[in-house]
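S.K.: Sequence:
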Amino acid sequence: MHPHLHTKDNKGCDEVMQALEECHARGFLYRCTGGCNNAKLAVNMCLRGERLERTRKNREEAKVKRAKAEAAWAKIDAES
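The sequence shown begins at -15 in the numbering used here and counts up by one.
No lab work stands behind these hints, which were simulated from the structure alone. Please note that the accuracy of each hint is not assured.
Calculated pairs, DSS-like style, for lysine-lysine (alpha carbon to alpha carbon, straight line, at most 30 Å) [said to hold, decoys possible]:
| id | residue 1 | residue 2 |
| --- | --- | --- |
| 1 | Lys41 | Lys(-5) |
| 2 | Lys(-8) | Lys47 |
| 3 | Lys59 | Lys47 |
| 4 | Lys49 | Lys(-5) |
| 5 | Lys47 | Lys(-5) |
| 6 | Lys(-5) | Lys24 |
| 7 | Lys52 | Lys41 |
| 8 | Lys(-8) | Lys41 |
| 9 | Lys(-8) | Lys52 |
Take these sequences, add in the hints, and give me the full structure.
M.R.: Take a look at the structure:
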């Protein structure tokens, strides 16, 4: 599997990535005839889920930071 996929953000997908690696180890012809398609789909769906979760968390953190900044600007405007 690609090294950039083995990160702390994708720890939940280690099992399905390992299954895909094992499938790929079965040989080139097995891969070419679609033998690994289900494993590849499982990896893609798992990575997508991990990315969506990170996106959700980042959005929530950004909302909190934005609210703090707006409150600070409101306070500055009120004092002026």
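S.K.: It remains to establish, for every hint, whether it holds in the given structure.
M.R.: Right, here's what the structure says about each hint:
no.	hint	verdict
1	Lys41 - Lys(-5)	holds, 16 Å
2	Lys(-8) - Lys47	holds, 24 Å
3	Lys59 - Lys47	holds, 18 Å
4	Lys49 - Lys(-5)	holds, 27 Å
5	Lys47 - Lys(-5)	holds, 26 Å
6	Lys(-5) - Lys24	holds, 17 Å
7	Lys52 - Lys41	holds, 17 Å
8	Lys(-8) - Lys41	holds, 15 Å
9	Lys(-8) - Lys52	holds, 29 Å
The structure shown violates none of the earlier numbered hints.
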